[in-house]
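**Q** Each chain, letter by letter, is given below.
There are 2 protein chains.
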Amino acid sequence: MILSKQEMLNESYSFETEQALNYEIEKQVMQLFASSSQVTSIEEQIDRITDNFCQSFLSTINANTDINLDLLLKNFSESQIPVQPASLENYLKHLGNNVVAHSIHTSSPRFIGHMTSALPYFVRPLAKLMTAMNQNAVKIETAKALSFCEREALAMLHRLIYNFSDSFYAQHIQNNLSTLGILVSGGTVANITAVWCARNNALGPIDEFLGVEKEGLAAALDFYGYKGAVIIGSELMHFSFDKAADLMGIGTHRLIRIPTDGNNRVNIQALRQAVAQCRAQNLLIIGIVGVAGTTDSGGVDSLAEIADIAQEAHTHFHVDAAWGGPLIFSQQHRHKLAGIERADSVTIDGHKQLYLPMGIGMVFFRDPHKAEAIEKQASYTMRKGSFDLGKRALEGSRPGMALFLHAGLNLIGLKGYEFLIDEGIRKTQYMASCICSMPEFELLGEPDTNLLLYRYIPKPLRELVAKKQLTETDNQLTNKFNESLQKIQRQIGRTFISRTTKTTSSFSKEIPIIALRAVIANPLTTEKDIDTVLKDQIEIAAEISISTFL
Amino acid sequence: MILSKQEMLNESYSFETEQALNYEIEKQVMQLFASSSQVTSIEEQIDRITDNFCQSFLSTINANTDINLDLLLKNFSESQIPVQPASLENYLKHLGNNVVAHSIHTSSPRFIGHMTSALPYFVRPLAKLMTAMNQNAVKIETAKALSFCEREALAMLHRLIYNFSDSFYAQHIQNNLSTLGILVSGGTVANITAVWCARNNALGPIDEFLGVEKEGLAAALDFYGYKGAVIIGSELMHFSFDKAADLMGIGTHRLIRIPTDGNNRVNIQALRQAVAQCRAQNLLIIGIVGVAGTTDSGGVDSLAEIADIAQEAHTHFHVDAAWGGPLIFSQQHRHKLAGIERADSVTIDGHKQLYLPMGIGMVFFRDPHKAEAIEKQASYTMRKGSFDLGKRALEGSRPGMALFLHAGLNLIGLKGYEFLIDEGIRKTQYMASCICSMPEFELLGEPDTNLLLYRYIPKPLRELVAKKQLTETDNQLTNKFNESLQKIQRQIGRTFISRTTKTTSSFSKEIPIIALRAVIANPLTTEKDIDTVLKDQIEIAAEISISTFL
Numbered sequence: 001m002i003l004s005k006q007e008m009l010n011e012s013y014s015f016e017t018e019q020a021l022n023y024e025i026e027k028q029v030m031q032l033f034a035s036s037s038q039v040t041s042i043e044e045q046i047d048r049i050t051d052n053f054c055q056s057f058l059s060t061i062n063a064n065t066d067i068n069l070d071l072l073l074k075n076f077s078e079s080q081i082p083v084q085p086a087s088l089e090n091y092l093k094h095l096g097n098n099v100v101a102h103s104i105h106t107s108s109p110r111f112i113g114h115m116t117s118a119l120p121y122f123v124r125p126l127a128k129l130m131t132a133m134n135q136n137a138v139k140i141e142t143a144k145a146l147s148f149c150e151r152e153a154l155a156m157l158h159r160l161i162y163n164f165s166d167s168f169y170a171q172h173i174q175n176n177l178s179t180l181g182i183l184v185s186g187g188t189v190a191n192i193t194a195v196w197c198a199r200n201n202a203l204g205p206i207d208e209f210l211g212v213e214k215e216g217l218a219a220a221l222d223f224y225g226y227k228g229a230v231i232i233g234s235e236l237m238h239f240s241f242d243k244a245a246d247l248m249g250i251g252t253h254r255l256i257r258i259p260t261d262g263n264n265r266v267n268i269q270a271l272r273q274a275v276a277q278c279r280a281q282n283l284l285i286i287g288i289v290g291v292a293g294t295t296d297s298g299g300v301d302s303l304a305e306i307a308d309i310a311q312e313a314h315t316h317f318h319v320d321a322a323w324g325g326p327l328i329f330s331q332q333h334r335h336k337l338a339g340i341e342r343a344d345s346v347t348i349d350g351h352k353q354l355y356l357p358m359g360i361g362m363v364f365f366r367d368p369h370k371a372e373a374i375e376k377q378a379s380y381t382m383r384k385g386s387f388d389l390g391k392r393a394l395e396g397s398r399p400g401m402a403l404f405l406h407a408g409l410n411l412i413g414l415k416g417y418e419f420l421i422d423e424g425i426r427k428t429q430y431m432a433s434c435i436c437s438m439p440e441f442e443l444l445g446e447p448d449t450n451l452l453l454y455r456y457i458p459k460p461l462r463e464l465v466a467k468k469q470l471t472e473t474d475n476q477l478t479n480k481f482n483e484s485l486q487k488i489q490r491q492i493g494r495t496f497i498s499r500t501t502k503t504t505s506s507f508s509k510e511i512p513i514i515a516l517r518a519v520i521a522n523p524l525t526t527e528k529d530i531d532t533v534l535k536d537q538i539e540i541a542a543e544i545s546i547s548t549f550l
Numbered sequence: 001m002i003l004s005k006q007e008m009l010n011e012s013y014s015f016e017t018e019q020a021l022n023y024e025i026e027k028q029v030m031q032l033f034a035s036s037s038q039v040t041s042i043e044e045q046i047d048r049i050t051d052n053f054c055q056s057f058l059s060t061i062n063a064n065t066d067i068n069l070d071l072l073l074k075n076f077s078e079s080q081i082p083v084q085p086a087s088l089e090n091y092l093k094h095l096g097n098n099v100v101a102h103s104i105h106t107s108s109p110r111f112i113g114h115m116t117s118a119l120p121y122f123v124r125p126l127a128k129l130m131t132a133m134n135q136n137a138v139k140i141e142t143a144k145a146l147s148f149c150e151r152e153a154l155a156m157l158h159r160l161i162y163n164f165s166d167s168f169y170a171q172h173i174q175n176n177l178s179t180l181g182i183l184v185s186g187g188t189v190a191n192i193t194a195v196w197c198a199r200n201n202a203l204g205p206i207d208e209f210l211g212v213e214k215e216g217l218a219a220a221l222d223f224y225g226y227k228g229a230v231i232i233g234s235e236l237m238h239f240s241f242d243k244a245a246d247l248m249g250i251g252t253h254r255l256i257r258i259p260t261d262g263n264n265r266v267n268i269q270a271l272r273q274a275v276a277q278c279r280a281q282n283l284l285i286i287g288i289v290g291v292a293g294t295t296d297s298g299g300v301d302s303l304a305e306i307a308d309i310a311q312e313a314h315t316h317f318h319v320d321a322a323w324g325g326p327l328i329f330s331q332q333h334r335h336k337l338a339g340i341e342r343a344d345s346v347t348i349d350g351h352k353q354l355y356l357p358m359g360i361g362m363v364f365f366r367d368p369h370k371a372e373a374i375e376k377q378a379s380y381t382m383r384k385g386s387f388d389l390g391k392r393a394l395e396g397s398r399p400g401m402a403l404f405l406h407a408g409l410n411l412i413g414l415k416g417y418e419f420l421i422d423e424g425i426r427k428t429q430y431m432a433s434c435i436c437s438m439p440e441f442e443l444l445g446e447p448d449t450n451l452l453l454y455r456y457i458p459k460p461l462r463e464l465v466a467k468k469q470l471t472e473t474d475n476q477l478t479n480k481f482n483e484s485l486q487k488i489q490r491q492i493g494r495t496f497i498s499r500t501t502k503t504t505s506s507f508s509k510e511i512p513i514i515a516l517r518a519v520i521a522n523p524l525t526t527e528k529d530i531d532t533v534l535k536d537q538i539e540i541a542a543e544i545s546i547s548t549f550l
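Top to bottom, those sequences are chains D and Y.
Quick note on this note's numbering: the first sequence kicks off at 1 and runs consecutively.
Quick note on this note's numbering: the second sequence kicks off at 1 and runs consecutively.
Same shape as in the complex, but just chain D (with noise of 0.2 Å):
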């Protein structure tokens, strides 16, 4: 017996009333909660209804419906809670005709612009056992097993990166004393954990100074007698280090971005000598960050040259690897990484180029010790000596994500790994040769691995750009095209590339460039889809009108 609200206002609504509806709202809630025998039929009846999703949507080839995102927010505009239960039948048909309906196709192999993809389909089952199984890992009281299997498939990893000793893992695996790494929910905790510890070690506890971890950041940089900290980096550095800089008190004016030379790479030089103007004007330098694989353009620093300017100034070296961690699998690629075992600390995403769902960062340290500048305790739980993982991670309750991770690893292997990431690159290049020989794009640098960057080039302007004599107006003119093109083709939907913008000096001051920005990890992306969504962004470029930028 369900009331409507009218009923329950009418006057005839009695305490009888109240208690056979509380009755009633009992038997709905409790039956929610009966344990899966009770209630075969009716998960047997949801789990056809999700299925029938789950198939569709990934079944579908283009990257996205094109309803317009003002009439879609139309459909999200209740700010109330419904007081009685909805109906599981009218519930799960709201949800698919308007959240699953008009979700991005992120496993489509022609939505080829940001860093996701389709995914083994073990993760899907395994999802639902995570959530069944709902192990709470912060602690070993709640997730026993699963943070032995959590160490275990970081250990994997950590070896991969830094390859130490037999008898170094034996030693470090499952010590609850030593982290080989920390599983968090992204690339930004992670890079956000790795600084936290790079400032923590640098401004330890010293004498009667009791550490900038209880003191705080002004009274250690006092103490220690520095101006101020600072974070040095590439210019393409991810935005998670403006996230840390501004958190961590440092101040984001403080995290150094270094200019890059034409291919996406720090310039050694450059970052060399901000290195020296740091130490001359007394400034604590937190951390030097490597990256391998920028957001931007997948360009990856030279590792080893930061290594060894970290080494001389006995600072923090990170490599941030969210996205190019995983060329280490591939015999082929892996030496662009070359000097990443050289790291401190270094962050890879799972749910990057592992091929797992959304919600895995990994910070690795060299030192297995090096994570004790970060350790709480408290009483109910994350006791010293135990086994407990939230001892050291910024989160606290986290779910059992190391699943995924230990499935992947084991499922997918080293040679697994490898194939898939020679295949993203050796379609990237297949990308980008095709782009070189059509008339209506320019390629804008070669890339270092699987993002490539490039732009339209509306027809007038073609023969300017080919001798290079593109004026900083028709550059303006060709941004504006490029923006509108990726927007349009993002509207239409049929397929998807990002955007992003690329500074150059060629006019011998900074100007921007619009660029067009493909990922190429989905391995289920054919050359085929590519010549789609080139053939695709002309056929759009064709109906724009050049003269509406004019």
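You may find that some hints are simply not true.
One copy or any two copies: either way a pair holds, since identical chains are not told apart in the list.
[Unchecked claim] No farther apart than 30 Å at their CA atoms in a straight line, the calculated lysine-lysine pairs in the DSBU-like style are these:
id : residue 1 : residue 2
1  : Lys376    : Lys74
2  : Lys376    : Lys480
3  : Lys487    : Lys528
4  : Lys509    : Lys376
5  : Lys74     : Lys467
6  : Lys214    : Lys227
7  : Lys459    : Lys480
If you're looking for bench data, these hints aren't it; they were derived computationally from the structure.
These numbers were taken from a predicted model, which means no experiment stands behind them.
We have chain D already, so just place chain Y on it with the hints.
**A** Okay, now just chain Y, sitting in the frame of chain D:
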């Protein structure tokens, strides 16, 4: 054709063999990524196996297996990623035997020691759907409909807390310049985000000074003329505030923990004094924290009185309602949260008393523009004026957990959550009355909500306890006894209760009391289960010789 390592090392291994091997890998990997329709039979097979895991896991009554941790961790000592992809069948067998079998039955009605519970069954198919859709909630280009769905769900909870007008919600719910709340990975990140917003707003840009965000904490304190910055709250504040104080450069010694009264609520008089002292000492009070449901004992601070103090001091008032927030659903118990509507920010965890899977923290803001102070942009995405949720967030890429939140609010509804909250508290009161009537136990304070602290009293000491004549030595012995009892109970695994340390000043000095800690939130937990847990403890205690601790 899968070659063994030995075969690969064999001299007969040739280029042709390698080619064949690579082809085999390619076939295996591509099969993992094939779209649903193509792999139906394999996917159905895995579904069946993992569904069996789920069903047997969810129907187990025991809290855990009795495997020894030292033995268990030996199963996870492999530091090498397998070269070849593992066979699915073998891997799932390994997973079942080693991980699933020895995970904690967080849904067991007799696992009543931590803030985990059985979950409504709809979260399991939704987990699969979420993973299939694999949206990245950081930006609209990878999470279209879901971004609006998330905003809607957050607005619903915002309204429950703040209850502003229809027109307020119509204006802000889908306004990309407004932030009613931020969905994060957990309560810790929610609390850190709140402190971050508070700090950046307190030390914002003014005249030529660019604000703490850009210039850093030391410069900001200097510019504003403060001698330091503090956060003030109850001694029972969650340890995420230690993390916040450390991470943000404030220093954990500047986290001022005010004593609580007998009911685990912050002492208002002492809080008022601390605020006055900080102001007299020219320390910036970044925020005052009220706790709505301490992790230790479930106590709820007197939020209205704290709101008065914060208002007088013109400082940010944050309420950590990670645990206790959902009391607001209950007509009977929401009065305990009176004053929460005056908070500048509120943390609530979805994975606690909203009965959703791990990984759902939320922070809400009274002022929809408060989070502007942490806004960041990046050229490849996160554009100003866009609907990108990642603009104002600590985290970057993150999964579409909003799917669970939205479903929970709709499928359980106001009345459903009210029932769940009322039931948890009712059963806690039942347990408290059992404990009071049993000579074996001592209740340590009346429960405010649905957490309960108590302890076992060894027989020779019961009379002394009744007469309140327990000496400090007796207390130490009782502590050791209870620690041992909790460890043995956990090890046997039939039932589970956690433990914590409560300090008391009963001997005119601070002495620690080791307490058993029950958390009664699981709707499947019956009064009979509670009886069973207490009986289990009595049986275990009977086997513990008190002389061991003398």
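**Q** Now tell me, hint by hint, if it's right for this structure.
**A** Going through the hints against the structure:
1. Proximity of lysine 376 to lysine 74 under the C-alpha cut-off of 30 Å is restricted to the inter-copy arrangement: shortest distance 27 Å between copies versus 45 Å within a copy.
2. Taking the closest pair of Cα atoms, lysine 376 and lysine 480 come within 30 Å of each other only across two copies (24 Å); inside a single copy the shortest separation is 51 Å, beyond that limit.
3. When the C-alpha separation of lysine 487 and lysine 528 is checked against a cutoff of 30 Å, the pair qualifies only within one copy, where the shortest distance is 23 Å, while the shortest distance between copies is 61 Å.
4. Proximity of lysine 509 and lysine 376 under a CA criterion of 30 Å is satisfied inter-copy only: 25 Å between copies versus 49 Å inside one chain copy.
5. Proximity of lysine 74 to lysine 467 under the C-alpha cut-off of 30 Å is found in neither arrangement, the shortest distances being 49 Å within a copy and 66 Å between copies.
6. When the C-alpha separation of lysine 214 and lysine 227 is checked against a cutoff of 30 Å, the pair qualifies both within a copy, at 20 Å, and between copies, at 16 Å.
7. In the homo-oligomer, the alpha carbons of lysine 459 and lysine 480 lie at most 30 Å apart inside one protomer (14 Å), although the nearest pairing across protomers, at 83 Å, exceeds that limit.
Checked against the numbered hints above, the structure breaks only hint 5 and satisfies the rest.
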